Each structure stands twice: as structure tokens, then as C-alpha cells.
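Start from the sequences and build out the full structure, keeping to the hints where you can.
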Amino acid sequence: MTVSALVVTLSSDPAVAPQALAALAQDPRLQLGERHAERIPVVAETESPAAGVALCEHLERLAGVLRVDVVAIDFAERA
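Taking the working numbering, I'd label the letters of the sequence shown as residues 2 to 80.
Hint data in this document are derived by calculation from the structure and do not stem from the laboratory.
Not one of these hints is a red herring.
The calculated label-pair distances, taken between Cβ atoms and stated as ranges, are:
1) D14 with V54: 25 to 33 angstroms
2) S13 with S49: 29 to 37 angstroms
3) R68 with A16: 15 to 23 angstroms
4) D28 with F76: 18 to 26 angstroms
5) D14 with F76: 33 to 41 angstroms
6) E48 with S13: 30 to 38 angstroms
7) F76 with Q20: 28 to 36 angstroms
8) A64 with E35: 20 to 28 angstroms
9) A77 with Q20: 33 to 41 angstroms
10) E48 with A16: 29 to 37 angstroms
11) A77 with P15: 38 to 46 angstroms
Computed from a predicted structure; not experimentally measured.
Every residue, glycine too, gets a C-beta built ideally from N, C-alpha and C.
Put into C-alpha cells, the structure is as follows:
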């Protein structure tokens, strides 16, 4: 399992930001932190590093998401 700490920057456009936030909240791989302006901290859990990359690419394509910054990645095996 790969655990990634991300910061997702949402659009300031009130027409699309809520849709992006709803999509993030519905994804079972994600745990959302407290939103600060257009930024929201996210913890992502994926099966592999490649799945983590694919998830970040997917998130960047969501309407209302401006960018996804990777803060940290934990590749440690879980017992």
C-alpha cells in the first residue's frame, strides 16, 4: 500500500469548486482535511505507487481542480 499526502488546489469559481469538492469527498481512496481557501489537504491510499500516480492524474482532470501537489509519499509495507 502507498500512502500519499497531497494538497489539492480548487478553482475559486463557485460554479465548479463545489463539484470538485463533492467528487473528492466521494472517493473512498481519499481522506480530506480542513479546507483553507482554495486548498484542501488530502491523504490518499492506493495499492501501488503506479496507482498513486494514476490517482493524481485523475484528480488533476476533475473539473474545478487546478492542481495537485504531492507533499509526501510513504512506500512502507504495512503489517
